[in-house]
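Q: Please model the entire structure based on the sequences and the hints provided.
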Amino acid sequence: NAGVTQTPKFRVLKTGQSMTLLCAQDMNHEYMYWYRQDPGMGLRLIHYSVGEGTTAKGEVPDGYNVSRLKKQNFLLGLESAAPSQTSVYFCASSYSSRVQPQHFGDGTRLSIL
Amino acid sequence: SQQGEEDPQALSIQEGENATMNCSYKTSINNLQWYRQNSGRGLVHLILIRSNEREKHSGRLRVTLDTSKKSSSLLITASRAADTASYFCATALPDSGNTPLVFGKGTRLSVIA
Chain A
1 NAGVTQTPKF
11 RVLKTGQSMT
21 LLCAQDMNHE
31 YMYWYRQDPG
41 MGLRLIHYSV
51 GEGTTAKGEV
61 PDGYNVSRLK
71 KQNFLLGLES
81 AAPSQTSVYF
91 CASSYSSRVQ
101 PQHFGDGTRL
111 SIL
Chain B
1 SQQGEEDPQA
11 LSIQEGENAT
21 MNCSYKTSIN
31 NLQWYRQNSG
41 RGLVHLILIR
51 SNEREKHSGR
61 LRVTLDTSKK
71 SSSLLITASR
81 AADTASYFCA
91 TALPDSGNTP
101 LVFGKGTRLS
111 VIA
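These protein sequence lines are chains A and B, in that order.
Taking our numbering, the leading residue of the first sequence gets 1, the next gets one more, and so forth.
Taking our numbering, the leading residue of the second sequence gets 1, the next gets one more, and so forth.
One thing to keep in mind: the hints can contain errors.
Stated by the list, open to error - Once the Cα atoms are required to be at most 20 Å apart in a straight line, the calculated EDC-like pairs of lysine to aspartate or glutamate come out as: (1) B:Lys-70 x B:Glu-5; (2) B:Lys-105 x A:Glu-59; (3) A:Lys-57 x A:Glu-79; (4) B:Lys-56 x B:Glu-15; (5) B:Lys-69 x B:Glu-5; (6) A:Lys-9 x A:Asp-38; (7) A:Lys-57 x A:Asp-26; (8) B:Lys-26 x A:Asp-106; (9) B:Lys-70 x B:Glu-53; (10) B:Lys-105 x A:Asp-106; (11) A:Lys-14 x A:Glu-79; (12) B:Lys-105 x A:Asp-38.
To be clear, the hints were calculated from the coordinates, so they are not data collected in a lab.
A: Here you go:
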């Protein structure tokens, strides 16, 4: 099993460009999450989903949109990238409850010039 | 604001020594979890301790929880160079809504061979 797979692993964008980060999990998990990790800031939750077709805002949702059209996929979109969105983005999933352990992908390193 | 705060921020020890990391949190919890993050990788779940438990073991890991002090500690015994990583605590709030885990900023552990 692949677990949680994030695509792409690295990306460089120019300010104002848009892009979509893809997260796929093969564990039949209900819950999925998007985080950003910045030096000294720990993990901050951007958006999450409690099931197919649902999304909810996390701690730092501004500038990002998400969609969960299929249970196994959770997409994170940047409509107009800004340098402040330079970060490492992690996707995670958990089986059937928000209190259960999360399984993480290996991240997408995004630089915005 | 962060629910969980790890202490110390960084720790450097010799191989074979024990490493202790602490996590303090602010509100009541359902459970507390510890994760490890190797450089350039995603977080990996290590151990979960429920609010009605005081101590759990997993291999060389020992976790304690003191709900009266709102604190937890992670002890790694007989540390190895491979234990070099960042360690995060995450708290799950009691059953109310869908609030996901809240992660601390982590402790960077360096084990010197």
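Q: Under the criterion that the straight-line Cα-Cα distance not exceed 20 Å, is the pair Lys-57 (chain A), Asp-26 (chain A) satisfied?
A: Distance of about 24 Å is beyond 20 Å: violated.
Q: Given the proposed pairing of Lys-57 (chain A) with Glu-79 (chain A), does the C-alpha separation stay at or below 20 Å?
A: holds (16 Å)
Q: Holds or violated: Lys-14 (chain A) with Glu-79 (chain A), Cα cutoff 20 Å?
A: Judged against 20 Å, a Cα distance of about 12 Å means the pair holds.
Q: Check the hint pairing Lys-70 (chain B) with Glu-53 (chain B) against an upper bound of 20 Å on the C-alpha distance.
A: holds (13 Å)
Q: Is the hinted pair Lys-56 (chain B) and Glu-15 (chain B) satisfied, with a Cα-Cα distance of at most 20 Å?
A: violated (23 Å)
Q: Can the restraint linking Lys-26 (chain B) and Asp-106 (chain A) be considered satisfied, given a maximum Cα separation of 20 Å?
A: Violated: Lys-26 (chain B) and Asp-106 (chain A) sit about 29 Å apart, past 20 Å.
Q: Does the structure keep Lys-69 (chain B) and Glu-5 (chain B) at a Cα separation of 20 Å or less?
A: holds (13 Å)
Q: Verify the proposed pairing of Lys-9 (chain A) with Asp-38 (chain A), using a straight-line Cα cut of 20 Å.
A: holds (16 Å)
Q: Against the 20 Å threshold, does the CA-CA distance of Lys-70 (chain B) and Glu-5 (chain B) hold or violate the hint?
A: holds (11 Å)
Q: Given the proposed pairing of Lys-105 (chain B) with Glu-59 (chain A), does the C-alpha separation stay at or below 20 Å?
A: holds (14 Å)
Q: Hint check: Lys-105 (chain B) vs Asp-106 (chain A), CA-CA at most 20 Å. Holds or violated?
A: holds (18 Å)
Q: Next pair to validate is Lys-105 (chain B) with Asp-38 (chain A); report whether the Cα-Cα distance is within 20 Å.
A: Holds - the C-alpha atoms of Asp-38 (chain A) and Lys-105 (chain B) are around 10 Å apart, at most 20 Å.
Against the hints set out earlier in the document, violations occur for numbers 4, 7, 8.
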